[in-house]
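As given, the protein sequences belong to chains P and E, one line each in that order.
With our numbering, the residue at position 16 of the first sequence is 16, and numbering never jumps.
Heads up: take any position in the second sequence, counting from 1, add 199, and you land on our numbering.
Derived from the structure by calculation, the hints contain no laboratory data.
It is possible that part of the hints are untrue.
[Claimed, not checked] Cross-link-like lysine-lysine pairs, in silico, DSBU-like; alpha carbons within 30 Å at most:
| # | chain 1 | residue 1 | chain 2 | residue 2 |
| --- | --- | --- | --- | --- |
| 1 | E | K466 | E | K482 |
| 2 | E | K320 | E | K228 |
| 3 | E | K409 | E | K547 |
| 4 | E | K564 | E | K228 |
| 5 | E | K547 | P | K68 |
| 6 | P | K80 | E | K531 |
| 7 | E | K531 | P | K68 |
| 8 | P | K76 | E | K376 |
| 9 | E | K466 | P | K80 |
Each chain is listed here by its residues.
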Amino acid sequence: MKSATLKSEPIGEVIASNTTAFSAVVKSGFGDALPVKFGELVKTETSTMKIFGIVSFIEHAPTEPNRKVAPHGKSKDALKREMPQVFELLQTEFRALVVGYETSRGVVPSMPPVPPDLHDFTYLATDEEQKNFFAKTPTFLRTVLNCRDASPDELLVAFLRNHLAHISRPMLISIGKELSYLLGDDHRRLEAILSRVCD
Amino acid sequence: MLQLQAIYRRLEEFSEKVVTEQKNLTQLKSVLEEVFEENSDFVKAWRKFPESLESTIAPRVIESPSLRKTCPKREATFTICSSDGSQIYPDRLINFCLLNFSQICFHIGTNEPPLLTTYSKLYDADEFFKAYFKDSKPKETEDKGSETSKERIAIDQVNALRQTKELSALLHVATNKRTQGRPILAVADGTLICWTLKNAEALRKEFIEKLAQFRQEEIPVLAYKSFPETRSVAKALEHLAAEKLEQANIHPEMLTDLEIFQAFLQKGERSAVFQSRSDIVEKHYPNPDKVYFFYLHTGKEIARIEFPAWCYEKGWVDFMHAVMMDDLEKGKGYPMTLTEAHEHAVVKKSEEAQFFELLEKLCIKKGVLISDAAKVASKRTAII
Chain P
1 MKSATLKSEP IGEVIASNTT AFSAVVKSGF GDALPVKFGE LVKTETSTMK
51 IFGIVSFIEH APTEPNRKVA PHGKSKDALK REMPQVFELL QTEFRALVVG
101 YETSRGVVPS MPPVPPDLHD FTYLATDEEQ KNFFAKTPTF LRTVLNCRDA
151 SPDELLVAFL RNHLAHISRP MLISIGKELS YLLGDDHRRL EAILSRVCD
Chain E
200 MLQLQAIYRR LEEFSEKVVT EQKNLTQLKS VLEEVFEENS DFVKAWRKFP
250 ESLESTIAPR VIESPSLRKT CPKREATFTI CSSDGSQIYP DRLINFCLLN
300 FSQICFHIGT NEPPLLTTYS KLYDADEFFK AYFKDSKPKE TEDKGSETSK
350 ERIAIDQVNA LRQTKELSAL LHVATNKRTQ GRPILAVADG TLICWTLKNA
400 EALRKEFIEK LAQFRQEEIP VLAYKSFPET RSVAKALEHL AAEKLEQANI
450 HPEMLTDLEI FQAFLQKGER SAVFQSRSDI VEKHYPNPDK VYFFYLHTGK
500 EIARIEFPAW CYEKGWVDFM HAVMMDDLEK GKGYPMTLTE AHEHAVVKKS
550 EEAQFFELLE KLCIKKGVLI SDAAKVASKR TAII
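My request is simple: use the sequences and hints to build the entire structure.
Next up, the structure:
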């Protein structure tokens, strides 16, 4: 297994972007430990702005869309030794739901004025950035509940569980209240989300 | 929707034909087993190579034609390289061609990373023509209506250039990626006989020199020909064993080498080694690089494997046989390494469109608007 990716190391490169989401191809070789997981806070960074996104979809696929993955009946180790091109022709791509951005004036919990540039590198958000992000009003909840890439509830649970260590108790209560408001009378759904965040 | 009822009767007739062909194949096998016997009159005559064969393309016998060799055990680790090429042909307004080459290398049985790379090169038509075809006029294409009077590189001349440069690319990757103490095999697509270079002396010389360099570097090289249409062994049968075959109701003049070895070989087996007597090889190839070949039953087809004579003399044939069967199994019927070489070399429609768009932008920057059939065609999308 590869050692955990350092926060300052790029984990991927943007290949598609708009103001609501961006997609990136994972930098590490296929078959290595993934440097990113579902529901994790990631960012793109330029000299003037960081754009934050929650990983909402991860996909393994061929690098060439016209090629099809076929079973070979070999273990991964045997494949690497006997058919080494197989792993070179596969890649992992992830999509991130944009939930805020940061300029010199601090974190803004809304859509950025411009999307990330194509070929920008993507990084995991640092501890400091996670703290700053969760110190703001949790407007990301509405964005996540409208997500179409994944089940919004699953994404929300994964996101909160991944970053629980950086969410203060008052903020957690604030998230719970906001979620209760957004879900209206659907108490079972609220319970299903909250019970899984903290169990 | 398929109307099976409408074609049922015809399908029945066809199925009878298939059954008959299969029966003929079985019959052909038993006749071949008899005539290919080392002590048969046919083989004795073939080995003497009578005058009647001289004017044909019948090959020389190197191993006993009765040989059916099962696949030997493969080396645990080896390196396999291949290369392929594709092109954008010149057209009415564009007086140059683009060649795109792949270079592939796998270190099988190791954890070393593969090489999967491509490089492109533009050739100016006039310079190319002066360098390689100064003694012959470029052929006009059949579509003369769309040709201007200005001389252009003809399609088969671009193909000739590509064949030579593919072999150079293969030699380059093989010499650069070989590892001390590990066997290596260089695999080309098609043939080692430079048919297309008959009228291109400079390119032919270059091709033959590159082939010789494999020998100097001691890198075994072969060419894999899928579904060969040759009739070389068939020619020997036609001239020396016609009577025997006709007695069994087999018409030798209708046979191809593919049919002969489809009947004679089982999956994984190779035929005897023969020596090609192609004109171009006889006249221009040095003795150690004369083209030898065998046929291989891949399980899906009969392939022709060509290699220089020195590979046989140095005992590389078993290695080639085992490596190719391994590569064929991994590629599910077609060599995995050649598939990769092709996939990486091919200029896709979308890339061709990008190429012409870039050219158009560069011309517009210089104040010239180009509008060309090739460019338009490259942008055309199939409609529903």
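Okay, the hints, checked on the actual structure:
The straight-line distance between the Cα atoms of E/K466 and E/K482 is roughly 35 Å, outside the 30 Å bound, and the hint therefore fails. Between E/K320 and E/K228, the direct Cα distance comes to roughly 49 Å. Violation of the 30 Å bound is thereby established for this hinted pair. With a C-alpha separation of about 29 Å, the suggested pairing of E/K409 with E/K547 holds against the 30 Å cut-off. Restraint check for E/K564 and E/K228: the C-alpha separation of about 67 Å exceeds 30 Å, so the hint is violated.
Between E/K547 and P/K68 the CA atoms are separated by roughly 17 Å; this keeps the pair inside 30 Å, and the hint holds. Taking the CA atoms of P/K80 and E/K531, the gap is about 17 Å. The hint holds against a cut of 30 Å. Among the hinted pairs, E/K531 with P/K68 is consistent with the structure: their alpha-carbon atoms are about 13 Å apart, no more than 30 Å. With a C-alpha separation of about 24 Å, the suggested pairing of P/K76 with E/K376 holds against the 30 Å cut-off.
Pair hint E/K466 plus P/K80 holds up; C-alpha atoms about 27 Å apart against a cutoff of 30 Å.
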